[in-house]
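Construct the complete structure from the given sequences, taking the supplied hints into account.
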Amino acid sequence: MHIPFERDGDLMDIGSYPHWLQDVVGTVRAARDRVRFHEVFSLMRDSRLAPRQLAAFFVNGWPVVEQFPKYMSMNLLKANGTNSSGEEKARRYLIRNIRVELNHVEHWVNWAEASGVPRRQLTDGDSPPAALALSHWCWKSSSADTLAASIAATNYAIEGVTGEWSADLCRSDVYEMGFPEAVRGRAMRWLRLHSSYDDKHPWEALDIVATILGQSPSTEQVRDVAAGIERSFRYFEMSLSCCLDA
Numbered sequence: 007m008h009i010p011f012e013r014d015g016d017l018m019d020i021g022s023y024p025h026w027l028q029d030v031v032g033t034v035r036a037a038r039d040r041v042r043f044h045e046v047f048s049l050m051r052d053s054r055l056a057p058r059q060l061a062a063f064f065v066n067g068w069p070v071v072e073q074f075p076k077y078m079s080m081n082l083l084k085a086n087g088t089n090s091s092g093e094e095k096a097r098r099y100l101i102r103n104i105r106v107e108l109n110h111v112e113h114w115v116n117w118a119e120a121s122g123v124p125r126r127q128l129t130d131g132d133s134p135p136a137a138l139a140l141s142h143w144c145w146k147s148s149s150a151d152t153l154a155a156s157i158a159a160t161n162y163a164i165e166g167v168t169g170e171w172s173a174d175l176c177r178s179d180v181y182e183m184g185f186p187e188a189v190r191g192r193a194m195r196w197l198r199l200h201s202s203y204d205d206k207h208p209w210e211a212l213d214i215v216a217t218i219l220g221q222s223p224s225t226e227q228v229r230d231v232a233a234g235i236e237r238s239f240r241y242f243e244m245s246l247s248c249c250l251d252a
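In the working numbering, the protein residues as written are 7 to 252.
Read the hints as simulated data drawn from the structure, not as lab findings. Treat the numbers as computed from the prediction; the structure is a model and nothing was measured. Honestly, I wouldn't trust all of these hints.
As the list claims (entries may be wrong) - Between beta-carbon pairs, the in silico distance windows are:
1) Glu112 with Thr225: 41 to 49 angstroms
2) Arg125 with Ser91: 39 to 47 angstroms
3) Ser178 with Leu199: 31 to 39 angstroms
Said to hold, decoys possible - Below, computed lysine-lysine pairings styled on DSS-like, alpha-carbon distance capped at 25 angstroms:
4) Lys95 with Lys84
5) Lys84 with Lys146
6) Lys95 with Lys146
7) Lys95 with Lys76
8) Lys206 with Lys95
9) Lys76 with Lys146
10) Lys206 with Lys76
11) Lys84 with Lys206
Where a beta carbon is used, it is the ideal one built from N, C-alpha and C, also for glycine.
Printed below as a string of structure tokens:
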């Protein structure tokens with residue numbers, strides 16, 4: 007039986023969510039941390055990535071960045087807003103944020119170009135299959151999985167951990183000062199937007215998942231959400247590791 011969930015605590019407090027979802031978040035913490043604290047980010051901060059490794063970071067990440075608005079558009083097709091309050095919440099969230107993600111695509115290009123990686127290299131670059139697993143997975147999830155599972159795998163997992171590693175890079179000015187002053191603002195725009203501590207997008211996604219599935223989802227529904235998040239983190243880690251092997 008579906009038991010509705012309506013959050014009455016702070017959006018960005020995990021204690022405000024159903025126990026089953028708190029358990030899921032705890033279960034995937036180790037996988038999330040392997041992405042957040044991946045060696046590639048400390049090497050990037052300290053300007054110790056070789057040029058080919060830095061280029062691989064931008065080229066390997068490009069498919070997910072470029073396709074992210076499309077993932078959201080596919081999920082929007084699942085949310086007609088008439089079946090549940092969770093679907094209506096998802097519909098409003100997705101409509102509001104698709105344009106935001108479209109802008110982020112251009113900010114990624116600016117960051118790459120300021121780092122010596124031209125737009126043509128992003129679009130024509132050759133990535134190893136392991137580096138493309140994340141974009142393939144996100145496309146599959148967005149096109150075929152349930153709305154709750156897919157939003158968990160993309161807007162919660164990918165956006166959430168990206169906000170964390172971006173914040174880590176922006177915590178000091180070491181990385182920022184490595185760019186010439188003339189391009190510094192443009193180069194840091196993508197990171198600044200994702201590192202904002204008041205970025206509520208991933209938490210709003212978690213709230214949508216909780217609202218759609220309620221207080222007592224089936225074992226299968228919980229498994230699908232947890233497995234999707236875990237897979238996103240695992241493939242993200244693989245993509246980052248490919249940068250170091252470039």
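The hints, checked one at a time:
Roughly 42 angstroms separates the CB atoms of glutamate 112 and threonine 225, a value that falls within the hinted 41 to 49 angstroms. For the pair arginine 125 and serine 91, the beta carbons lie near 42 angstroms from each other, so the given range of 39 to 47 angstroms is met. For serine 178 paired with leucine 199, a C-beta distance near 18 angstroms fails the hint of 31 to 39 angstroms. For the hint linking lysine 95 to lysine 84, the alpha-carbon distance of about 12 angstroms falls within 25 angstroms, and the restraint holds.
Distance restraint check for lysine 84 and lysine 146: the Cα-Cα separation of roughly 14 angstroms lies within the 25 angstroms cut-off, and the hinted pair is therefore satisfied. In summary, the hint linking lysine 95 to lysine 146 is supported, as the alpha carbons are separated by about 23 angstroms, within the 25 angstroms threshold. Taking the CA atoms of lysine 95 and lysine 76, the gap is near 19 angstroms; set against the 25 angstroms cutoff, the hint holds. For the hint linking lysine 206 to lysine 95, the alpha-carbon distance of about 14 angstroms falls within 25 angstroms, and the restraint holds.
With a C-alpha separation of about 12 angstroms, the suggested pairing of lysine 76 with lysine 146 holds against the 25 angstroms cut-off. A C-alpha spacing of about 20 angstroms is found between lysine 206 and lysine 76, which places the hinted pair at or below 25 angstroms, so the restraint holds. The hinted pair formed by lysine 84 and lysine 206 meets the criterion: a straight-line CA distance of about 22 angstroms does not exceed 25 angstroms.
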